[in-house]
Amino acid sequence: MTQLILFNVFNGLIVGAFYALMALGLSLIMNLSGVINFAHGGFLAVGAYLAYSLIPYIGFWGGLIVAPFLTAFIGLIVERVLIRRLYGRDPLYSLLLTFGLAFMFEDGTRFIWGAQSLPYQVPGWLLSPLSSELFFLTGYRLFMVLIVAIAVIGLFLILGRTRLGIRIRAGTLDLETVSVLGVNVRILRNLNFGLGIYLAGLAGVLAAGMLGLQPTIGSSLIMPSFVAIIVGGLGSLPGTLLGGLLIGVASGITTVFFPSATEAVMYVMMAAVLLVRPHGLLGEEGRF
Amino acid sequence: MNPIDYNKYTATVIVWLLLLTMPFWLPAIGGYSELGTRVVVLGLAAMSLNFLLGYTGVLSFGHAAYFGLGAYGVGLTIRYLVPSTGVGIVAGTLIGTIAGAIIGPMIVRLRGVYFAMVTIAFGQVFFFIAFRWHSVTGGDDGLTDWSRMPINLGFTTIDIQHDARAFYYLVLVVFAIAVGAMAWILRSPFGRTLIAIRENERRARFLGIPVDQHIWIAWTISCCFVSVAGALYALLNNFVDPRALYWTQSGDFVIMAVLGGMRSFWGPLLGAAIFVVLQDYLSSQTQNWMSFVGLFFVLVVLFFPRGVLGIIKRKVAS
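Top line first, the protein sequences correspond to chains E and B. The numbering used here applies: residue 1 is where the first sequence begins, and numbers increase by one. The numbering used here applies: residue 1 is where the second sequence begins, and numbers increase by one.
Chain E extracted, bound-state conformation (with noise of 0.2 Å):
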């Protein structure tokens, strides 16, 4: 018993993980461009089908850092052509332009890759378990864990750091000041896109692995990244974090007990935070 709730704590502490890194990505960009981006999901499988047609001419290792690079750049050109067009707009129009996105991005993946569910090839050497005791305890399981927390980390280091991450974090206070102060908001707008495609590609490349290759992957998780969000706290980084790893873990333990709630569950706790603390755990007052 006390494994089988361990093995469901730690699986839902990974699916929190990507939970996590996705629901960072759509923070980054909703809190400098006001953007909630519903093909970030489609990013996300994207980056993993990348990652599953690179693998066999550049290696496991080379499709990890290649395929995030390249959804990345997908983003970055996306954001170029379309999304630019509706900053200062109704949040209405960029919501219905990206949901469109996510339509056609499911649609493209399926058309190109098939709707069937592919073999994912991860190294032989991470796939068996560390101990006997811990069963669960496979490789690349900490190996899931340890790359998302270098690219938490990473991604932490960037914005309090870089001077781009500094100009982020400012013009999600301010982005008028910042551009009066001689900032190119238009390309910092667009690198920060970039940024967080780049976390929705990683994401997809390490999620492949663990829940298989399909089409709706990136729908089956941007659900649970808005709860994230609003679990953490809207406009805070570090509460999106927490909000994704709780959620995460929250339905894990509900998988013991009442498995057919696993989902439901992080549902319940968006509502009793909004209850209590209507702008999230880390969230500041009167942001939104």
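By construction, these hints were calculated from the structure, which means they are not laboratory data. Fair warning: this is a prediction, and the values are worked out from it, not measured in the lab. We treat Cβ as the ideally placed atom computed from N, Cα and C, and that holds for glycine. Watch out, some of these pointers could steer you wrong.
Said to hold, decoys possible - Chain E side only, calculated, beta carbon under 8 Å to chain B, not exhaustive: (1) M30; (2) M104; (3) I230.
Claimed, not checked - According to the in silico footprint, chain E covers these stretches of chain B (three or more CB under 8 Å from chain E): (4) 122-130; (5) 166-173; (6) 252-258.
For this one, chain E is given, so just place chain B on it according to the hints.
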């Protein structure tokens, strides 16, 4: 009568004439009677959403939940409780309205994208309940083994079960009641207050209007009408499945409202007609109709943000 009132009056007359005669001219231009019914039902859903979106200025992206609750309400009632179409519609509407009223207080303090995100996330709860509660709702396979029942008026019975045209007119009657109620509410002082909130929320608040409470009531009214539409939709198909509750369905409603014109009363109905016909055509032509629907979303946003009626109004005005 000033010209604007005159235009409105003509538009209303034309819409009703077209709706009343639809079963007679629709087959002649290649449609079928079920398609006409679907336009009216989804049009009602889009108009209910527009009550919030266009008239209160609140961005709801989760209306599929209450649409689906109305649909499941009627299906479950007829299957398990009372085999009566009328009772079913009332039950479906009540379930959707009550769910909306309960969720309302948790969301009315939020605005803009945050409101959109929370409404769409809340909708997923009902999706997962319908999806997972297999023994009652039929899960992913949907709720089957029930159908709409003939309506017994005492002196006569209307066979809406087999006569598609009779069912269309039943839907139209319900539509007329709902739309009439909506128009009446919008014309009342309460409706005017909603428009004031849309135009300038801060000023409305300074005038002493309890804004959150107004939005909560408007939200509940909107949920009520959309669950009526959901109930009719289930009766139309004699079937409900969890996709009626899924978040992509909410997006369809929003695009219908935007496509027709959010700032006009009949706009969403026109948007629904265009969307339903287009989707019907695309899904019969290509497997990849989802891509085309997505592309359609993108094109509408980029080139027709004011909607069809918005463009016409502008032309008339200039």
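Hints, one by one, checked against the model:
1. At its closest, the beta carbon of M30 of chain E sits 7 Å from a beta carbon of chain B; the interface hint therefore holds under the 8 Å criterion.
2. This hint holds: M104 of chain E has a C-beta 4 Å from the nearest C-beta of chain B, less than the 8 Å allowed.
3. Evaluation of the I230 of chain E hint against chain B yields a held restraint, the C-beta minimum of about 6 Å falling below 8 Å.
4. Only residues whose C-beta sits within less than 8 Å of a C-beta in chain E count toward coverage, and the stretch 122-130 of chain B has 5 of them, enough to reach three; the restraint holds.
5. With 0 residues having a beta carbon nearer than 8 Å to a beta carbon of chain E, the stretch 166-173 of chain B misses the requirement of three or more and the stated coverage is violated.
6. Using a Cβ-Cβ cut-off of 8 Å, 3 residues of the stretch 252-258 of chain B lie near chain E, which meets the minimum of three, so the contact claim holds.
Checked against the numbered hints given earlier, this structure breaks only hint 5.
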